[in-house]
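Student: Given next are the chains, with one letter for each unit.
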Amino acid sequence: MARSPYQKLERRAFWKTGVEARASFAASGLFRPRFAIDAQTRVATAGSCFAQHVGRALRAAGVQVIDAEPVPDFVPDAIARDHGYRLFSARHGNIYTAAHLAQLAREVWDGFQPAEGVWPLGPRFVDSQRPSVEPGGHASEAEVVWHRQRHLGCIRKAWEAADVFVFTFGLTEAFLHRASATVYPMAPGVLGGAYDPDRHMFHNYTVAETVAAFRDFMALARAVNPALRFLVTVSPVPLAATASGDHVEVATIRSKAILRAACDEIVQEDEGVDYFPSYEIVTSQSARGRFFADNLRDVTEEGVATVMATLRAAYGLEGTAAVDSAATERARAREQAQDRAEDAAFDLRCEEALLNRFAGPAEAG
Amino acid sequence: MRILAFGNSHVGAWREAWEGLYAEFPDIEMDFFSLPEKIHARYRLRATGLFAPRRNVTPAERERVAGINGRVECDLSAYDHAVWIGVAWHPERAAELAALGDPYPVGDAGAGRPAYGAGFVTAALAQAAEGVAEAWVAVPALRYRPIVFGRPVYAETCLASGHRLYAPWRGAQAHTAALQVFLDSYRAELVRAAAARGFGFLAPPADLSAPTGLTRPACLAAGGGAVDPAAPDARGDHSHMNALYGRRCIAHLLAEGLGLPL
Numbered sequence: 001m002a003r004s005p006y007q008k009l010e011r012r013a014f015w016k017t018g019v020e021a022r023a024s025f026a027a028s029g030l031f032r033p034r035f036a037i038d039a040q041t042r043v044a045t046a047g048s049c050f051a052q053h054v055g056r057a058l059r060a061a062g063v064q065v066i067d068a069e070p071v072p073d074f075v076p077d078a079i080a081r082d083h084g085y086r087l088f089s090a091r092h093g094n095i096y097t098a099a100h101l102a103q104l105a106r107e108v109w110d111g112f113q114p115a116e117g118v119w120p121l122g123p124r125f126v127d128s129q130r131p132s133v134e135p136g137g138h139a140s141e142a143e144v145v146w147h148r149q150r151h152l153g154c155i156r157k158a159w160e161a162a163d164v165f166v167f168t169f170g171l172t173e174a175f176l177h178r179a180s181a182t183v184y185p186m187a188p189g190v191l192g193g194a195y196d197p198d199r200h201m202f203h204n205y206t207v208a209e210t211v212a213a214f215r216d217f218m219a220l221a222r223a224v225n226p227a228l229r230f231l232v233t234v235s236p237v238p239l240a241a242t243a244s245g246d247h248v249e250v251a252t253i254r255s256k257a258i259l260r261a262a263c264d265e266i267v268q269e270d271e272g273v274d275y276f277p278s279y280e281i282v283t284s285q286s287a288r289g290r291f292f293a294d295n296l297r298d299v300t301e302e303g304v305a306t307v308m309a310t311l312r313a314a315y316g317l318e319g320t321a322a323v324d325s326a327a328t329e330r331a332r333a334r335e336q337a338q339d340r341a342e343d344a345a346f347d348l349r350c351e352e353a354l355l356n357r358f359a360g361p362a363e364a365g
Numbered sequence: 001m002r003i004l005a006f007g008n009s010h011v012g013a014w015r016e017a018w019e020g021l022y023a024e025f026p027d028i029e030m031d032f033f034s035l036p037e038k039i040h041a042r043y044r045l046r047a048t049g050l051f052a053p054r055r056n057v058t059p060a061e062r063e064r065v066a067g068i069n070g071r072v073e074c075d076l077s078a079y080d081h082a083v084w085i086g087v088a089w090h091p092e093r094a095a096e097l098a099a100l101g102d103p104y105p106v107g108d109a110g111a112g113r114p115a116y117g118a119g120f121v122t123a124a125l126a127q128a129a130e131g132v133a134e135a136w137v138a139v140p141a142l143r144y145r146p147i148v149f150g151r152p153v154y155a156e157t158c159l160a161s162g163h164r165l166y167a168p169w170r171g172a173q174a175h176t177a178a179l180q181v182f183l184d185s186y187r188a189e190l191v192r193a194a195a196a197r198g199f200g201f202l203a204p205p206a207d208l209s210a211p212t213g214l215t216r217p218a219c220l221a222a223g224g225g226a227v228d229p230a231a232p233d234a235r236g237d238h239s240h241m242n243a244l245y246g247r248r249c250i251a252h253l254l255a256e257g258l259g260l261p262l
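Residue numbers (the working numbering), protein chains in the order written: chain W, 1 to 365; chain L, 1 to 262.
In short, the hints are calculated from the structure, not lab data.
Don't take every hint at face value.
Not everything, but these chain W residues come out facing chain L in the computed CB check (under 7 Å) [claimed, not checked]:
no. : residue
1   : Glu69
2   : Pro70
3   : Phe74
4   : Val75
5   : Arg81
6   : His83
7   : Glu134
8   : Gly136
9   : Glu143
10  : Val145
11  : Trp146
12  : His147
13  : Arg150
14  : Gly153
15  : Cys154
16  : Ala161
Glycine included, C-beta positions come from ideal geometry on N, C-alpha and C.
Using the sequences provided together with the hints, build the complete structure.
Tutor: Structure representation (structure tokens):
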């Protein structure tokens with residue numbers, strides 16, 4: 001046989017052996033970490049709803065996941081999460097876009113002040129940069145501002161103490177303050193404030209903008225924490241709604257493709273950044289769609305368990321052997337799916353899903 | 001007016017105080033019924049108003065109860081008012097919050113210490129209060145609302161002990177302004193939870209508290225609170241109070257619980 005560049009490649013380089021005949025995701029070499037994460041690693045997490053799983057899985061595996069805004073143990077998970085606690089390393093709520101992350105870093109370290117920082121919510125007030133964390137709102141604008149200052153101090157503490165920053169990219173779509181380009185995590189009018197097309201604008205980030213924003217964030221973070229490394233992922237959860245004018249399915253593919261391409265560009269040029277393929281696992285053809293729930297959007301507990309088992313196995317955490325068979329992996333996931341306590345554990349706080357209330361009744365589109 | 005003061009060993013401070021008080025209240029007759037906590041935990045307040053032992057209270061324990069009280073059960077319906085003394089209400093919940101964060105507008109900004117919004121604090125403490133109050137089963141047979149009187153907050157002397165029981169209080173000591181706010185919120189939630197079950201709730205009066213949020217050492221019963229230098233982590237007894245404490249509690253009950261002019 002003539003020499004070929006494919007001759008001495010590993011089995012994982014070929015679809016037939018890497019996917020079609022794969023025994024399990026965890027054992028398939030899908031993810032080979034660039035750097036170690038172990039019980040001594042201090043990890044900060046942020047990102048979209050799916051990122052909440054990552055923090056929980058790492059904590060369960062004994063990794064030191066930072067919680068800079070903890071609540072006492074007596075507080076039930078439902079109450080804590082309803083108020084933005086126990087979700088990420090600080091109580092910033094979901095951060096869907098790299099632009100919002102970079103803006104938050106500028107606010108933490110660079111004195112940036114968001115426009116319309118306080119939104120009215122009926123007779124009360126919410127923080128426009130994290131409108132979901134105080135569902136009933138605060139009594140006054142001053143109270144919101146006071147809480148935000150305290151919160152920024154906690155973020156600073158979390159991010160400056162971390163060895164690894166885990167970020168899950170969620171969306172490319174965002175609403176901005178037209179005059180200042182302040183990014184909001186949710187459109188005005190969903191969880192406070194009111195949409196005004198003269199003051200607010202829709203923006204759909206490109207690959208270049210996403211890469212630039214994340215690099216801005218990394219630069220600010222490394223200025224105070226030079227050893228900080230980054231583990232990035234793309235959320236496999238489709239958009240709940242799009243304001244782009246496209247069909248939501250087309251918009252989803254655009255968004256995920258951009259985020260995936262942006263991750264690749266970031267990882268290729270920075271040894272301190274790694275990419276974990278949670279998007280690929282959940283959407284893999286070998287999963288045959290079973291990692292999505294009946295609404296075709298939510299990731300099933302089996303899907304989450306598979307992603308997290310792969311993550312833990314790759315880092316050698318919790319003694320997870322990379323030789324798990326697919327059957328064992330699925331059986332474990334099924335057991336978890338049957339466990340009602342786990343139901344609560346997977347109960348994410350995902351305000352993006354609130355956009356569904358603008359959708360009207362379900363009917364053929 | 002006949003008042004029944006019943007409960008666990010904390011009834012002792014009330015009984016001792018009443019010895020020196022009853023002459024001042026000729027219209028009030030106060031009866032006492034107290035149980036060691038281990039037995040108290042196995043008594044049940046029935047819908048009829050009878051406070052009686054469950055089946056798992058042994059004959060020897062019943063005999064012990066009879067030795068203390070001259071009877072093994074008491075009937076709340078035979079009184080005009082009843083106060084259930086020494087009931088656990090876990091003020092440590094407030095201390096646990098204060099150890100970790102501040103309510104608005106307590107504390108310095110930017111220090112990296114978390115702040116808790118009023119909505120979160122109310123939800124967390126309301127849930128905690130519900131957990132405490134679920135043991136208070138309504139007594140429809142009574143023509144009055146029995147009052148639950150919370151067990152004493154530990155005396156300040158507990159801070160000298162390294163026992164884990166006092167850890168929440170030790171943790172809150174650098175944040176006593178936050179602690180006071182959370183204690184006030186928690187008391188209010190307990191009042192609400194108790195009212196929903198047909199009870200009144202009174203926490204020990206605030207003027208018995210030191211700035212630490214703990215009970216003033218002068219209220220501690222003789223012999224309590226001593227810390228053995230050879231055993232710094234010993235639990236000790238920082239819980240049982242004296243007649244001074246009981247006297248103030250009785251006044252608090254009459255004024256705040258029963259609305260009597262003193």
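Student: Now tell me, hint by hint, if it's right for this structure.
Tutor: Taking the hints in turn, this is what the structure says about them:
1. Glu69: With a minimum Cβ separation of about 4 Å from chain L (threshold 7 Å), the hint on Glu69(W) holds.
2. Pro70: The hint holds - Pro70(W) has a Cβ within 7 Å of chain L, the shortest such distance being about 6 Å.
3. Phe74: holds (6 Å)
4. Val75: holds (5 Å)
5. Arg81: violated (11 Å)
6. His83: It holds, given that the least Cβ distance between His83(W) and chain L is near 4 Å, below 7 Å.
7. Glu134: The hint holds - Glu134(W) has a Cβ within 7 Å of chain L, the shortest such distance being about 5 Å.
8. Gly136: holds (4 Å)
9. Glu143: Nearest chain L Cβ about 5 Å off; hint holds.
10. Val145: Cβ of Val145(W) sits 9 Å from chain L, so the hint is violated.
11. Trp146: holds (6 Å)
12. His147: Since chain L brings a Cβ to about 5 Å from His147(W), closer than 7 Å, the hint holds.
13. Arg150: holds (4 Å)
14. Gly153: Gly153(W) check passes; min Cβ-Cβ to chain L is 4 Å, inside 7 Å.
15. Cys154: holds (6 Å)
16. Ala161: It is violated, given that the least Cβ distance between Ala161(W) and chain L is near 10 Å, above 7 Å.
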